[in-house]
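Peer 1: Chains as they are written, first to last, in my numbering: chain X, 1 to 310; chain V, 1 to 310.
Calculated directly from the structure, the hints in this document are not laboratory data. Check before you lean on any hint, since a few could be wrong.
Treat identical chains as interchangeable: a pair holds within one or across any two.
Straight-line distance between alpha carbons at most 16 Å, and here's what the computed EDC-like set of lysine to aspartate or glutamate pairs gives [what the hints assert, rightly or not]:
#	residue 1	residue 2
1	LYS73	GLU112
2	LYS73	GLU106
3	LYS73	ASP113
Protein chains: 2
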Amino acid sequence: MAEFRPASPDQAQLLDELVAAGHLIPSGVPGVYGRGGDYEDVRMRFDAYVTRCATAAGEAPEVLRFPPVIPRKQIEDLGYLENFPHLAGTVFAFEGTEGQARAMAETAGRHEDWSEHQCMSDLVLMPAVCYPVYPAIGRRGPLPAGGVTIDPGGSYAFRHEPSGDPARLQMFHMRELVRIAEPETVQSWRDGWRDRALELLRGLGLDAHFDVAADPFFGRSGRMMAASQREQALKFEILVQIAGPEPTAIASFNYHQDHFSALYGITTADGATAHTACLGFGHERIVLALMKTHGLDVAAWPDEVRRELW
Amino acid sequence: MAEFRPASPDQAQLLDELVAAGHLIPSGVPGVYGRGGDYEDVRMRFDAYVTRCATAAGEAPEVLRFPPVIPRKQIEDLGYLENFPHLAGTVFAFEGTEGQARAMAETAGRHEDWSEHQCMSDLVLMPAVCYPVYPAIGRRGPLPAGGVTIDPGGSYAFRHEPSGDPARLQMFHMRELVRIAEPETVQSWRDGWRDRALELLRGLGLDAHFDVAADPFFGRSGRMMAASQREQALKFEILVQIAGPEPTAIASFNYHQDHFSALYGITTADGATAHTACLGFGHERIVLALMKTHGLDVAAWPDEVRRELW
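Looking at chain X on its own, in the form it has when it is part of the complex (with noise of 0.2 Å):
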């Protein structure tokens, strides 16, 4: 097991009731939950207002959509095992004959270590929702002018990082556009983008802000990447307070520079190399936000939030 990090007493207090109320399915598994009715249908809604923001900001990005797997090729290239070597997931599954089959189900029926039976496949789960987009538009050839804006949707993302916060989990959605152009078209997107996610947030009564902000690097010398990043400001994210000591990160601005660009070779219409910025809105933690602040009763909300999500 990875380390566990235990709740404070108001998440796992905030954890129990979310249970009470239908809100959470604990499955067994920290970090792993199913979702009611209610919880769903805010989640979705919150969606759709991302979306209808971004065309009254007169964007109209294009939709692909894609599955919470990716190949294991992709994080090797992009040294992912480098930076966050305890947040990847990979895919193993049984190579074997009937009778290493028939021995591997014996064991797995006791509860015991059944991993010699099983071998790494070809894939890992999604790290990031915009991973996929890069290569996707890299085989396309040269961006028209001015670029391209995708929209990979609200979609799975894996993290292996089990905790008793209810906000931390290890499967959650994560609702993302990506611009993909000239530096300084994206860094203005990237800025944009941020100003408006807040305003759309706190249009929804959340108390938001928001911060220069670092990815959660790896180890010793993962401190001296996320110093770097914090300098250069290339990440920022928007903070609700929820529950535990500190706030709690919903919405993340990243921009990318050329780190995707130039592996998958996305130059420019005029020939240089292009670079890339993306958004994400984490779904489970703005629900959660949203149900912190206004109540666990959906139906009792304030009329301002409900209208502008129902």
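Since the structure of chain X is provided, determine the placement of chain V on it from the hints.
Peer 2: Relative to the frame of chain X, chain V by itself:
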């Protein structure tokens, strides 16, 4: 690599056409594709069409949603590995030190075998969308009179069967409905939906028929399991000719008897062990069947089909 099933010539041609039209986006791993906007639009509209048909049939199922991973313990308890060892996907993750993380990242960067650095986690990929429903209902105590109908939605399931057939995906959406009640109630619900689903799919212009079927049990003993399942008519499928030598199953209707309810202690209001049944529509296969039947240009589909979905 698991045994790769190569595409038949017409399957390979259909895949090429789907990719050229932007409906499918290859990931580099067989059976794992991104989807374009039109494909996704049809998929979501079909899902809503099923929901409308359920409402029209007087059903008001309770909505629950589950992520595409479940506890490993659940497939151990259910004996899934005895029947389908070849289809299971298990989630592995890193548990080591900073030094080990560096060694893992370096090995991965050379595209060499880094599996020794991964440990089995307590999660597996979702084998079927209804699996998490049964323990969730079991925990509630005895069923209300008449039992329950649960709508776990169109969620992701995983099967480790790499194939060149665009209709055989490793990760795909299965729209399920689940009935838990007295044996006779459950059986007549299953049979009623089999007939309703046939009508519903023919209503979209598909040349569909149903047949007794069996699950893809593994190995020699699996053949006996399959024969017994057919003999008892526990599973029906609706099939359509898409591509390849045989028709493709696009929906299934399964009577589990007490397989799930005995394990999770699901009892009826008067204390007897409940029975369960589920149905599943294969979202991606149905979109494929529609495109094969009506053409790749969704806007040019026959009016009577567009009227049902749009």
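Peer 1: If a hint holds in the structure, say so; if it does not, say that too.
Peer 2: For each hint, the structure was consulted:
In this assembly of identical chains, LYS73 and GLU112 lie within 16 Å of each other by CA distance solely across copies; the values are 10 Å between and 31 Å within a copy. In this assembly of identical chains, LYS73 and GLU106 lie within 16 Å of each other by CA distance solely across copies; the values are 13 Å between and 33 Å within a copy. Taking the closest pair of Cα atoms, LYS73 and ASP113 come within 16 Å of each other only across two copies (11 Å); inside a single copy the shortest separation is 27 Å, beyond that limit.
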